[in-house]
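Number of protein chains: 2
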Amino acid sequence: MTLISDHVEADMRGRIVVVAEKLFREIGYQKTTVADIAKVLRMSPANVYRFFDSKKSIIAAVAQRLMGEVEEAAQVVATTPKPVQLRLRELLISIHQLNSERYVGDAKLHEMVAIAMEENWDVCVAHIERVTGTIGGVIAEGVASGEFYAPDVPLAAMCTCTAMLRYFHPQMIVECAEKPGPTVDQMIDFVLAGLAPRG
Amino acid sequence: MTLISDHVEADMRGRIVVVAEKLFREIGYQKTTVADIAKVLRMSPANVYRFFDSKKSIIAAVAQRLMGEVEEAAQVVATTPKPVQLRLRELLISIHQLNSERYVGDAKLHEMVAIAMEENWDVCVAHIERVTGTIGGVIAEGVASGEFYAPDVPLAAMCTCTAMLRYFHPQMIVECAEKPGPTVDQMIDFVLAGLAPRG
Numbered sequence: 001m002t003l004i005s006d007h008v009e010a011d012m013r014g015r016i017v018v019v020a021e022k023l024f025r026e027i028g029y030q031k032t033t034v035a036d037i038a039k040v041l042r043m044s045p046a047n048v049y050r051f052f053d054s055k056k057s058i059i060a061a062v063a064q065r066l067m068g069e070v071e072e073a074a075q076v077v078a079t080t081p082k083p084v085q086l087r088l089r090e091l092l093i094s095i096h097q098l099n100s101e102r103y104v105g106d107a108k109l110h111e112m113v114a115i116a117m118e119e120n121w122d123v124c125v126a127h128i129e130r131v132t133g134t135i136g137g138v139i140a141e142g143v144a145s146g147e148f149y150a151p152d153v154p155l156a157a158m159c160t161c162t163a164m165l166r167y168f169h170p171q172m173i174v175e176c177a178e179k180p181g182p183t184v185d186q187m188i189d190f191v192l193a194g195l196a197p198r199g
Numbered sequence: 001m002t003l004i005s006d007h008v009e010a011d012m013r014g015r016i017v018v019v020a021e022k023l024f025r026e027i028g029y030q031k032t033t034v035a036d037i038a039k040v041l042r043m044s045p046a047n048v049y050r051f052f053d054s055k056k057s058i059i060a061a062v063a064q065r066l067m068g069e070v071e072e073a074a075q076v077v078a079t080t081p082k083p084v085q086l087r088l089r090e091l092l093i094s095i096h097q098l099n100s101e102r103y104v105g106d107a108k109l110h111e112m113v114a115i116a117m118e119e120n121w122d123v124c125v126a127h128i129e130r131v132t133g134t135i136g137g138v139i140a141e142g143v144a145s146g147e148f149y150a151p152d153v154p155l156a157a158m159c160t161c162t163a164m165l166r167y168f169h170p171q172m173i174v175e176c177a178e179k180p181g182p183t184v185d186q187m188i189d190f191v192l193a194g195l196a197p198r199g
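Keeping their order, the protein sequence lines are chains A and P. With full-length UniProt numbering as the guide, the letters of the first sequence map in order to residues 1 to 199. With full-length UniProt numbering as the guide, the letters of the second sequence map in order to residues 1 to 199.
No incorrect hints appear here.
Facing chain A, from chain P, some residues (calculated, C-beta under 7 Å): (1) Met158; (2) Thr162; (3) Met187; (4) Phe190; (5) Ala193; (6) Gly194.
Please keep in mind that the hints were generated in silico from the structure rather than gathered at the bench. Keep in mind the model is a prediction, meaning the values are calculated, not measured. All residues carry an ideal CB built from backbone N, CA and C; glycine is no exception.
Please model the entire structure based on the sequences and the hints provided.
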């Protein structure tokens, strides 16, 4: 019975998150109430509160879902059998594109993400750590094959991620989209130069 | 007469900007009115409007003043006679420190800067271009002496500036101050590696 009720519980949480994301996108985070979410699911607000103790917990779960999609897609690119330099380039481009698709050109979703980031920074930190870990995996392979030089791989991965902030951070993507600066490909050239073996 | 009245006019503009900055810092940009600024200067709001057509123009001038201080200080570091690698490091650190001092730990000033950046993006773009130009000057010297490799110096300067976004951008400085990530020195090591001559 435990397994079944666990499954039912996970399913209910999942349904709440999907409906919440839909409403946050449609009418905005601030204007959406737990009662609105409950209504779409034909349940009482009290029942929603059985699964999430606050709207803040719901937005954290929505953010986690969106970030989880990025992490999974990035992992696929990172493990595709391709030369390591090209793979790192494609990985960095795909993180940029995955974040852009999710967070740009949708003011309501953008508001939601800004709030989610402010209120649940630990969720974001965990996401950044996972993405940095994926980048570090590719850098480590390049170091092993002699194609990259990085005496401290986790640090090189953090620096790579930080160098790409303009292209990874939802707010920076929006703010800098039309502003002068390097293209994402030019920036990756610069990062790859920083990882090149010393002469 | 023209020279004298030009001087008087510049002086009045300067006084308005100094008083406005003081009020924006003390009571916040949103709550400060043109009438408040006029009152401190013992003049009529109409007289302030002779020099600035709106509060938006005043905040642009305040932002320009703050950014101008950063540009001048950066220029001094960039032209101090020191080895070029060390000079670039000190330049990047000083831009980080100058921006941190100005914009961190002062919520009201931070609000002001966020609004100034949003409403007067052209002022910010001009500032970023000047700072990037200063960075480019040091990189060009290093290229000439063989200490740096950068086939396209303006692009290398833009990439350097972009790589340092976490440490230069007022909002990113505030948001990332306590978050995991490379230290500013570690990030500069990474940037310098990207500018190192190829083997």
